[in-house]
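Undergrad: The chain contents come next:
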Amino acid sequence: MSDSSGELFRFEEKVLEKAQKIVENEKYQGNPLYKKYKSLMRMYKKLLFQSQKILKISDNNQEKLRKTQQNLALLLNNVKQGFLTFGEDFKISPEYSQECKNIFGQDIAGRDIYELLFKKSDSDAEKDILNSIFQDDQSRIKLYLPLLPQEIELNQKLLKIKYKYIEQEHKIMCIITDITEKRELENELEKERKNLKMTVTVISNQGIVKKYVNDYRHFFNHIIYEWFKEYGNQTILENLYRKIHTYKGVFSQWGMRNSSESLHKAEDKINDFQEENPSPETREIKKFISTIDFNGFIDQDIEIIEQILGENFLDREKSVSVKKDDIVELKERIKDYFPEGEREQMVTKIDKLIKKSLRDLIDIYEEYTFELAERVGKKLEQFKIESDGVLVDENKFHDLNKSLIHIFRNSIYHGIEKPEGRLKKGKPEGGSVKCKIGEEKGNIYITIRDDGQGINVDKIKKLAIDKNIYSENEIEDLSRNEILRLIFFDQFSTEEEVNQTAGRGVGLASVKREVEKLGGNISVETKLDQGTEITIIIPQEKRVAQKDEINMNMLMEKLEKKFVQYIGDNLELEPDQKNIQLNQIEQLELSDFNVITNIRFKNLYDIIFSVDKKAAQILVENFIDKHLDLNKMDQKKAIIRESLKEIMNIIIGQFFKSLEEEEGCFEKAPMAIAVEGGLLDYKNNEIIKHKFSINQGLVNLNLIARN
Amino acid sequence: MEQLSREAEKSTPKVICDPKDNYILIKGESYPENSFEFYEPIMDWVEEYMDQVNNENVEVELSLSYLNTSSTKSLMCILDILEEAYQEGKDIKVDWYYDEENELSYEMAQDFMDYLEIPFNLQVKEED
Numbered sequence: 009m010s011d012s013s014g015e016l017f018r019f020e021e022k023v024l025e026k027a028q029k030i031v032e033n034e035k036y037q038g039n040p041l042y043k044k045y046k047s048l049m050r051m052y053k054k055l056l057f058q059s060q061k062i063l064k065i066s067d068n069n070q071e072k073l074r075k076t077q078q079n080l081a082l083l084l085n086n087v088k089q090g091f092l093t094f095g096e097d098f099k100i101s102p103e104y105s106q107e108c109k110n111i112f113g114q115d116i117a118g119r120d121i122y123e124l125l126f127k128k129s130d131s132d133a134e135k136d137i138l139n140s141i142f143q144d145d146q147s148r149i150k151l152y153l154p155l156l157p158q159e160i161e162l163n164q165k166l167l168k169i170k171y172k173y174i175e176q177e178h179k180i181m182c183i184i185t186d187i188t189e190k191r192e193l194e195n196e197l198e199k200e201r202k203n204l205k206m207t208v209t210v211i212s213n214q215g216i217v218k219k220y221v222n223d224y225r226h227f228f229n230h231i232i233y234e235w236f237k238e239y240g241n242q243t244i245l246e247n248l249y250r251k252i253h254t255y256k257g258v259f260s261q262w263g264m265r266n267s268s269e270s271l272h273k274a275e276d277k278i279n280d281f282q283e284e285n286p287s288p289e290t291r292e293i294k295k296f297i298s299t300i301d302f303n304g305f306i307d308q309d310i311e312i313i314e315q316i317l318g319e320n321f322l323d324r325e326k327s328v329s330v331k332k333d334d335i336v337e338l339k340e341r342i343k344d345y346f347p348e349g350e351r352e353q354m355v356t357k358i359d360k361l362i363k364k365s366l367r368d369l370i371d372i373y374e375e376y377t378f379e380l381a382e383r384v385g386k387k388l389e390q391f392k393i394e395s396d397g398v399l400v401d402e403n404k405f406h407d408l409n410k411s412l413i414h415i416f417r418n419s420i421y422h423g424i425e426k427p428e429g430r431l432k433k434g435k436p437e438g439g440s441v442k443c444k445i446g447e448e449k450g451n452i453y454i455t456i457r458d459d460g461q462g463i464n465v466d467k468i469k470k471l472a473i474d475k476n477i478y479s480e481n482e483i484e485d486l487s488r489n490e491i492l493r494l495i496f497f498d499q500f501s502t503e504e505e506v507n508q509t510a511g512r513g514v515g516l517a518s519v520k521r522e523v524e525k526l527g528g529n530i531s532v533e534t535k536l537d538q539g540t541e542i543t544i545i546i547p548q549e550k551r552v553a554q555k556d557e558i559n560m561n562m563l564m565e566k567l568e569k570k571f572v573q574y575i576g577d578n579l580e581l582e583p584d585q586k587n588i589q590l591n592q593i594e595q596l597e598l599s600d601f602n603v604i605t606n607i608r609f610k611n612l613y614d615i616i617f618s619v620d621k622k623a624a625q626i627l628v629e630n631f632i633d634k635h636l637d638l639n640k641m642d643q644k645k646a647i648i649r650e651s652l653k654e655i656m657n658i659i660i661g662q663f664f665k666s667l668e669e670e671e672g673c674f675e676k677a678p679m680a681i682a683v684e685g686g687l688l689d690y691k692n693n694e695i696i697k698h699k700f701s702i703n704q705g706l707v708n709l710n711l712i713a714r715n
Numbered sequence: 115m116e117q118l119s120r121e122a123e124k125s126t127p128k129v130i131c132d133p134k135d136n137y138i139l140i141k142g143e144s145y146p147e148n149s150f151e152f153y154e155p156i157m158d159w160v161e162e163y164m165d166q167v168n169n170e171n172v173e174v175e176l177s178l179s180y181l182n183t184s185s186t187k188s189l190m191c192i193l194d195i196l197e198e199a200y201q202e203g204k205d206i207k208v209d210w211y212y213d214e215e216n217e218l219s220y221e222m223a224q225d226f227m228d229y230l231e232i233p234f235n236l237q238v239k240e241e242d
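Quick note, the sequences are listed as chains A and B, same order.
Numbers given in our numbering equal positions in the first sequence, counted from 1, plus 8.
Numbers given in our numbering equal positions in the second sequence, counted from 1, plus 114.
There could be a bad hint or two in this list.
Taking lysine-lysine and the DSBU-like style, the derived pairs with C-alpha atoms no more than 30 Å apart in a straight line are [stated by the list, open to error]:
(1) A:Lys-72 with B:Lys-141
(2) B:Lys-128 with A:Lys-75
(3) A:Lys-54 with B:Lys-207
(4) A:Lys-179 with B:Lys-207
(5) A:Lys-179 with B:Lys-128
(6) A:Lys-22 with B:Lys-187
(7) A:Lys-109 with A:Lys-26
(8) B:Lys-204 with A:Lys-43
(9) B:Lys-141 with A:Lys-179
(10) A:Lys-172 with B:Lys-128
(11) A:Lys-64 with B:Lys-134
(12) A:Lys-54 with B:Lys-204
(13) A:Lys-61 with B:Lys-187
(14) B:Lys-141 with A:Lys-99
(15) B:Lys-207 with A:Lys-64
(16) B:Lys-141 with A:Lys-665
(17) A:Lys-165 with A:Lys-179
(18) B:Lys-128 with A:Lys-54
(19) A:Lys-53 with B:Lys-204
(20) B:Lys-124 with A:Lys-150
(21) B:Lys-204 with A:Lys-26
(22) B:Lys-124 with A:Lys-435
(23) A:Lys-433 with A:Lys-535
(24) A:Lys-470 with B:Lys-204
(25) B:Lys-128 with A:Lys-72
(26) B:Lys-239 with A:Lys-72
To be clear, the hints were calculated from the coordinates, so they are not data collected in a lab.
Owing to the predicted nature of the structure, the values given are computational and were not obtained by experimental measurement.
Same shape as in the complex, but just chain B (with noise of 0.2 Å):
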């Protein structure tokens, strides 16, 4: 399987999809005007991919500052394919990154948190 990776720009986030070190990077702001069109080929990939995981750890990491609704969404999406996967019994694992200044980001990071089985674990993000 190929890798997927996306740059940040301005209105999207980082994107590194790696099948070979079974890691899921989701990193930045995103508002883009067409969610669905940025995140489908993502979504995708993930689908994909966790067909054909087996026994592999799989680390996803997310650390959004900012999204829009219609991310927000996507963002489930993609999600729920992990929380199917990880009900097959999949070993899966997700870290969400949050500002630890920001109040209001530790709350967004446990409605994310509330909406999983997944092991979710909240960090604080480290200044780069």
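One chain only, chain A, in its complex shape (with noise of 0.2 Å):
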């Protein structure tokens, strides 16, 4: 551009170098015009000067306009959308984008708009606001625009346009898209969220919907012919007008629209039968009516719903007659094409057809019950189950189900008693199994009663004590229900021997497994002489947070095992464990020591470690690599402490390492307190606790999930 520029200008330059010859020239200096040439000859320069750096400036901006439209152009050519604009007299400007070509499927340079866009309606009133828009106010365009069509059928294909006023053009702008795809894209998922939409009614409704059918085929097939017999001429099209009408309105409640549609038409071509026939002959009325084929009407319709739901749907008796599998598919099929209210509405309503009655599910125990106590010399008077129609989730039950044989069993086996033995008592020779199942609250409850001889708590208390599981002392601080929960924990059963039926111990253990594992709770309660009662309860929705919620067996689990690890690596001590599980307490009794922390992994847990003097004095003295009198522990309280709550810091920290998913973190630093015989207060939390004895000294791990 510069050289250009250089080349451009080779005149003047020539006649500037003419110029400042003359001025050097020493003969004109004395000339009375010298000093104006002179001035003049700068100016000149100057000019020139002047004049190059304009051009260059000016080319420099044409370069840069034209890039910036190269730019654009190539970006609007590539949006799968067309550009293009008009001004006040409807012809379209040559710059439009490339898509719009493809569109319009020529070029559409100086066309007329009107022509090409709007031409097609009936009106002039696309003209008329086109008109108005560049003839009236700018203020009111924005008033004009909307007016305009949104949507336009040309050429097969199906527009979207939307108008834009560029005021500093005075032009419109259209932006154009080609819908036509996504419109029939939408059509079908239209269509087939009606035709679920039908299925799930249809099998909601399904007695009366089969009902209707059978009933319409028989009327168009038998009783319409029966009724010439009955009725006269003009009545006859009158009850059909009717009975169309009445099926018209049902079919189309039940989204059955194809059926609908077709019974509407046929209303219609009764009017203008009516119409051109005013009186018409039995043969004629019998002529018309076979040329409507009213069994073809609803076949559309079934035909969808049977696909769905298998073929002959409609036909079979009895009620819910539809395959799991399909069920399934339905379901998916929902989820894919309904948004979430709607889906889950319409998956309830399905749930509830393939919901099974509880009481059924627990009626299997029945004859299994009576078996048994004959089987091992005890009478079972009755076994009865009360329900006030409770429907569950078969495969969801299915577990707790088949574990609910543990209670059955214990009842014949430890609860009721052999015949001679119950008249001694005053009770009737056969003893009874009673069930009840209700729904309260959001809650199945399902308890299991029998009239035996109740739970000897005192017995509990002798095996928790041979087992290990607590010593003398502590039984005595346990409450009644406590030492009756002890029942459902592992490695528990009151009869010593071990045979096939009971007494292995995991029965009722395993029970609470499934129970806590639909998110339940079991509780037991007892009389003696007079019977045991099993309450369980199952929410029936499940906790959201449920859903992840963490095992605390398998949180626990992993805290034990960095502890045994740690104090086996680093302090050289070799715990003794001595396990117990405790799952509601009201109160959590604290020992010599305690570190209490508060940790978060997904849900908040308290971690409380517990030792006793001689357990402190073992773990601080290899934590410290000095020894510790016993005597004087009592003024070492801080640095008992301080080790303490450092040896459970490193614990934790590696606990939380070995959390899968994401780590847990401390919610609150380690706290030691040192108390004798306190005790902290939990109403209703979870608790794990964990025992250990380390030289005869006492660890408890306790972990504590808040609620």
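Hints in hand, dock the two standalone chains.
TA: As structure tokens, then:
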């Protein structure tokens, strides 16, 4: 560019050169015009310089504009939208985007926008609007633009058009999108959605739909012809019209839209026929009716239903008869096609159909219980299930239901006495087992009670001591309820002998596990010689949080592993373990030294590490590598507290690292307290307690879920 | 002397000529139909102002993203006035802001710079 401008001014340069030579020539210097000439020359020089610069800058600007334009065009032509503008004369400007060519199939520069887009419509409304836009006050353009059609059908394409007024140019820009495919897809989706909805409605109203479909067929194949014997010609048509109208309403209510649309057309046909034939003959009416394919009207909808629910779905006798796989698939499809809120409603509808009566599920134990009683020489008089029609998802309750066998087994084995024993107690010879099933406040409850001998709390105490779960002293501190709950723990059975039927001691623990899997709770009540009642409560909808509720047992397992590992590797101590798990306690007993930590791993937990003086001594001695006099422990409280805190800190730190999915973290730093006989209140908290003994000292590791 | 200012419009830049702060700003795009009409009062102002300036430190800020040819010419006239004052020993400094993304904007700035002897700083325009 700079070169060309140099060339361009060559003539002027020469003029300047000449002038310079004249100025330099001494012979002109005396001339009266010399000064003026010289100043003129300077001006000329400056002007020339300026002109060259201006030219260059101007060229640069041009180049810049061209590039911008190019980039814009590139951008516009690669968008799947057509951009075009037109002015007052309705002529389309030549700068339209490439996509317009694809949409209109031709070069549209200079074409009349009205002819191109709006001509097809019957009125001149668009022309008026366009005229108003260009002629009226600019402030009102915003009012006019939305009046232009937003969707246009053109050459079998569906176009979506947005309009923008461009003030600087006094032009209108159209942004055109070809939505033909999108709309087809949407229509397909809508159709599928309607079909699914119809299917769901049909399954939930299966009985009545079946009845109506059969009635419908029967009517148009038989009854209608009987009518000719009973009614006059005019009445027949009127009644027929009414009948069709009823079916139309009913079918449309179930979303059988193909059927109802066909019936609607049939109504029109009858109207037309009546108009054309004010007093038709029977023969004519019969002929007319035979031209209408009433059977075919409902075929399409029924075909859709049968495609989803299996062939002959509506022909089958009795109620629900849908294959499970079909239901699962139907549910999947609903998930694909419906937004969240609506989806749940429909799925619930379907679920209701596939739910089973809980009573039926438990009913299978009746025969078993009677048989078992006979086998072990006991007499069962009554096995009764009372239920207020609770329905459950069979799959969900399968495992729990399977585990319930342990309760019935226990009732027969440990509960119901032998006939002679019962007679002695003044009870009827035969025992009874009663089940009650109900629903209340979003919970399902199952109580199973027998009128046997009840649970002997003292026997449980003795077993707990024998099995080294509690010491004699400890057990005295437990409430009756806490002791009773022990029957649900692993490794616990009141029957010493192990046989095929009962006594391995895992029975009730497995019931408890299944109950907990469903987010429920199990409890026991018993009265000596009057019987035992076990109550299971299962929330109907598992709490959302429960989805990733962490298995506390898993957490405790990991915590304990890290504890044992650390004590072993670093403090060279090997703890003996006594395991005990408590479920819901109200108070937690503290020991001489306690470290309390609040942690977070998805939920909040407390970890409480309690040690007695003996255990504290050995732990701290090994930790600080210094002897501690057991008698002077009280003066060393500070160092013991700090050491224990640090030990816990390390163990929990390692425990956090061992967690999968995400790391745990401290919610509060460990805090150490030294107390004697302190109690911590925990109302209805889930708690796992593990006990260890180290050098005759006692260590408790407690994991408590914060509510 | 009165301050002269113009808000930016569709085809004319924002102008501030402030004699108190000894500050001149021309910022925006310039392609008016009649450049002379727009720039004449500015030229007059600058000329009058330069006559009365003594040893004040005058700052001129130019930030022009687009100039049509007649605006270019007008701007050169203003720069001529400044140049003359500078040659008379007045303390004038010009800051030219250019768009970093745009090569041509830098070239244009340099073309203007070549034209002048006044201290001319090329600065990258900050996003606004």
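Undergrad: Straight-line Cα separation of Lys-124 of chain B and Lys-150 of chain A no greater than 30 Å?
TA: holds (21 Å)
Undergrad: Quickly compare the C-alpha distance for Lys-433 of chain A and Lys-535 of chain A to 30 Å and report which way the hint goes.
TA: holds (14 Å)
Undergrad: Against the 30 Å threshold, does the CA-CA distance of Lys-128 of chain B and Lys-72 of chain A hold or violate the hint?
TA: With a Cα-Cα distance of about 22 Å, the restraint between Lys-128 of chain B and Lys-72 of chain A holds, given a limit of 30 Å.
Undergrad: Compare the distance between the alpha carbons of Lys-124 of chain B and Lys-435 of chain A with 30 Å, and conclude whether the hinted pair is satisfied.
TA: violated (105 Å)
Undergrad: Between the alpha carbons of Lys-204 of chain B and Lys-43 of chain A, is the straight-line distance 30 Å or under?
TA: It holds: about 27 Å lies between the C-alpha atoms, which stays within 30 Å.
Undergrad: Is the hinted pair Lys-54 of chain A and Lys-204 of chain B satisfied, with a Cα-Cα distance of at most 30 Å?
TA: Measuring from Cα to Cα gives roughly 21 Å; hence the hint holds.
Undergrad: Does Lys-207 of chain B pair with Lys-64 of chain A here, judged by a C-alpha cut-off of 30 Å?
TA: Given that 30 Å is the threshold and the Cα spacing comes to 24 Å, the pair holds.
Undergrad: Regarding the pair Lys-179 of chain A and Lys-207 of chain B, is the alpha-carbon distance no greater than 30 Å?
TA: violated (44 Å)
Undergrad: Can the restraint linking Lys-64 of chain A and Lys-134 of chain B be considered satisfied, given a maximum Cα separation of 30 Å?
TA: This hinted pair is violated, its Cα atoms lying about 36 Å apart.
Undergrad: Do the alpha carbons of Lys-54 of chain A and Lys-207 of chain B lie within 30 Å of each other, as the hint requires?
TA: With Cα atoms ~22 Å apart, Lys-54 of chain A and Lys-207 of chain B stay inside 30 Å; holds.
Undergrad: Take the C-alpha atoms of Lys-165 of chain A and Lys-179 of chain A, compute the straight-line distance between them, and say whether it is at most 30 Å.
TA: holds (26 Å)
Undergrad: Checking one constraint from the list: CA of Lys-141 of chain B to CA of Lys-99 of chain A, max 30 Å. Satisfied?
TA: violated (36 Å)
Checked against the numbered hints given earlier, this structure breaks hints 4, 7, 11, 14, 16, 21, 22 and 24; the rest are met.
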